[in-house]
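A.B. asks: Chain residues, written in single-letter form:
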Amino acid sequence: MTDRHDAELRDRLRAADPATALPPADPERVARLLEDVMSTELTTENRATGTRGRGPLTWLVAAAAVLIIAGVGVFAIVGHDDDPAAPPTAADSETVTELSAPSPTAYAAKCMVPNAEALAQQTVAFDGTVTTLADGVVTLTVGHWYAGDPTDLVRVQAPAEELRALVGAVEFRQGGRYLVSATNGQVTVCGFSAPYSADLAALYEQAFS
Amino acid sequence: MDESRRDRFEEVAPGLIEPVRRYLARRTDPETAEDVLAETLLVCWRRATELPDQPLPWVYAVARNCLRNAERSARRQERVAARIMALPADAEPPEDPALEEALAALRAEEAELLRLWAWEQLTPAEIGAVLGITPNAASIRLTRARKKLSDRLRKRVGAAGHEESREGRRP
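Those protein sequence lines, which keep their order, are chains H and V. Quick note: the first sequence uses full-length UniProt numbering, first residue 1, plus one each step. Quick note: the second sequence uses full-length UniProt numbering, first residue 1, plus one each step.
Hint data in this document are derived by calculation from the structure and do not stem from the laboratory. Virtual Cβ for every residue (Gly too), placed ideally from N, Cα, C. Don't take each hint at face value.
[Unchecked claim] Selected chain V positions facing chain H (in silico; Cβ < 10 Å): (1) 10; (2) 13; (3) 26; (4) 27; (5) 37; (6) 41; (7) 46; (8) 114; (9) 117; (10) 119.
Use the sequences and the hints to build the structure in full.
C.D. replies: What follows is the structure, given as structure tokens:
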């Protein structure tokens with residue numbers, strides 16, 4: 001393979017470069033784009049990159065968090081012997097809805113495709129963002145309540161195993177936005193509670209309007 | 001820290017936009033390219049203090065990852081079907097169909113090596129930085145990919161006869 005041959009090949013490839021016809025960017029748009037980027041609040045993680053590359057530990061903690069939240073409800077049922085020191089109380093000004101994870105059998109049960117009718121049966125439904133995933137508790141700040149008594153926050157607590165299952169099912173991540181529903185104080189799985197999407201939001205809208 | 005990041009970003013970013021735009025225009029549809037450009041810049045902004053002195057290969061690597069993520073989520077959202085349908089109308093007929101075909105017949109990584117070499121005009125060391133392989137490996141694989149492409153092109157010319165004149169008559 002000679003240099004001349006390489007150069008010819010490179011020229012031929014370059015002639016087929018699809019970007020040759022690309023007009024230069026409009027300088028005004030570029031300036032605006034840079035401005036937008038630089039005004040991005042760096043402490044809030046961007047949805048696309050923020051949760052990527054988290055170690056398994058984070059997920060574990062996250063899972064534990066959800067489970068603990070779920071645990072409040074599950075306690076009675078599961079009858080754990082370790083006393084859940086009274087569930088953390090809300091900060092003075094913030095109201096909290098406490099939820100728990102479904103019992104492990106929920107995951108084995110057959111799932112129906114999420115639909116408005118079934119969703120409408122849920123007693124709690126909201127659109128919220130995970131603010132903390134720590135110490136066995138998932139805390140969400142609620143942006144919009146579809147059903148249930150509106151509170152500022154929702155906490156999901158459950159024993160580790162159950163929380164882990166729930167976090168896996170719903171894919172709770174720090175900073176992520178979710179549509180969550182619950183009955184009997186237990187988060188519904190099977191796709192009824194899931195990362196926010198326009199489709200699911202439309203379903204929630206339909207179910208609770 | 002905040003000031004130095006701002007300074008660094010303001011110094012570097014304007015020079016990154018055009019190359020990254022072109023990088024993306026070569027690899028995806030205009031709409032996705034725009035999204036991924038913004039996302040790539042956001043990553044640069046967040047990590048401005050980590051930007052190397054020669055930022056381009058690093059930034060291409062970021063763009064590559066962002067593009068992969070965008071394509072993954074696009075697949076998830078089944079938007080891809082719509083995009084595939086839209087493509088033939090948008091896409092120009094290839095200038096050099098023999099080359100397109102030979103390139104498409106290579107393994108994805110080989111074709112990407114050749115694109116980075118010819119279109120982004122990177123050195124083997126820079127290609128290595130984009131793809132996350134050593135300069136040495138990039139150099140070896142690039143040589144191999146060039147040879148493969150040349151062989152395919154030669155074979156095709158042999159089989160198709162007067163390749164050049166046929167192309168000239170393309171509408």
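A.B. asks: Does each hint fit the structure? Answer for all of them.
C.D. replies: Hints, verified against the model:
{"no.": "1", "hint": "10", "in the structure": "holds (8 Å)"}
{"no.": "2", "hint": "13", "in the structure": "holds (6 Å)"}
{"no.": "3", "hint": "26", "in the structure": "holds (5 Å)"}
{"no.": "4", "hint": "27", "in the structure": "holds (9 Å)"}
{"no.": "5", "hint": "37", "in the structure": "holds (7 Å)"}
{"no.": "6", "hint": "41", "in the structure": "holds (5 Å)"}
{"no.": "7", "hint": "46", "in the structure": "holds (6 Å)"}
{"no.": "8", "hint": "114", "in the structure": "holds (6 Å)"}
{"no.": "9", "hint": "117", "in the structure": "holds (7 Å)"}
{"no.": "10", "hint": "119", "in the structure": "holds (5 Å)"}
Of the numbered hints listed earlier, not one is contradicted by the structure.
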